[in-house]
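Using UniProt numbering, the letters of the sequence shown map in sequence onto residues 1 to 123.
Because the hints were derived from the structure by calculation, they are not lab data. Please note: incorrect hints may appear among the correct ones.
Ranges between beta-carbon positions, derived for each pair [stated by the list, open to error]:
{"no.": "1", "residue 1": "L2", "residue 2": "R95", "range": "45 to 51 Å"}
{"no.": "2", "residue 1": "Q61", "residue 2": "M102", "range": "22 to 28 Å"}
{"no.": "3", "residue 1": "V122", "residue 2": "R95", "range": "38 to 44 Å"}
{"no.": "4", "residue 1": "L109", "residue 2": "A30", "range": "18 to 24 Å"}
{"no.": "5", "residue 1": "Q65", "residue 2": "N96", "range": "41 to 47 Å"}
{"no.": "6", "residue 1": "Q61", "residue 2": "S16", "range": "36 to 42 Å"}
Glycine included, C-beta positions come from ideal geometry on N, C-alpha and C.
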Amino acid sequence: MLRSILVIALGGAIGSVCRYLLQVGVHKIAPITFPLGTLIVNVLGCFIIGLLYGMAVKMPQFSIQWRLFLITGICGGFTTFSSFSYEGISLIMERNYFYFFMYLGGSVLLGLLATWVGLILVK
1 MLRSILVIAL GGAIGSVCRY LLQVGVHKIA PITFPLGTLI VNVLGCFIIG
51 LLYGMAVKMP QFSIQWRLFL ITGICGGFTT FSSFSYEGIS LIMERNYFYF
101 FMYLGGSVLL GLLATWVGLI LVK
């Protein structure tokens with residue numbers, strides 16, 4: 001159990017740093033009020049989870065420790081649906097309804113599509 005927790009913690013730290021760096025990079029390229037960095041992170045994270053899940057199903061040698069490190073740890077630290085919720089509510093509170101619906105639709109629909117494409121690519 002302790003080993004699993006440490007594996008997840010290490011992956012989570014790596015994923016969180018990657019999320020931060022990507023969001024900072026996107027904001028430098030496109031300094032807009034729309035949370036584009038979070039949208040990109042969520043879609044990319046969903047795609048990667050789809051790929052990894054497909055690999056785990058297809059390859060029995062994909063150990064539980066690797067699943068915990070890559071999926072629960074790195075992808076869990078990388079994807080930002082808690083930030084998604086916060087930023088969505090912030091857009092509503094700012095009465096920026098157009099960006100809210102664009103953000104909501106883009107995150108959910110593109111995230112589901114990216115997960116599906118990742119899964120299909122492994123099959």
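So, going through the hints one by one against the coordinates:
The beta-carbon spacing between L2 and R95, approximately 48 Å, falls within the hinted interval of 45 to 51 Å. In this structure, Q61 and M102 break the distance hint of 22 to 28 Å, their C-beta atoms being roughly 42 Å apart. Look at V122 against R95: about 42 Å separates their beta carbons, and that is inside 38 to 44 Å. Distance hint check for L109 and A30: the Cβ-Cβ separation is about 20 Å, which falls inside the suggested range of 18 to 24 Å.
The given range of 41 to 47 Å is respected by Q65 and N96, whose C-beta atoms sit roughly 43 Å from each other. For Q61 and S16, the hinted distance range of 36 to 42 Å is not satisfied, since their beta carbons lie about 28 Å from each other.
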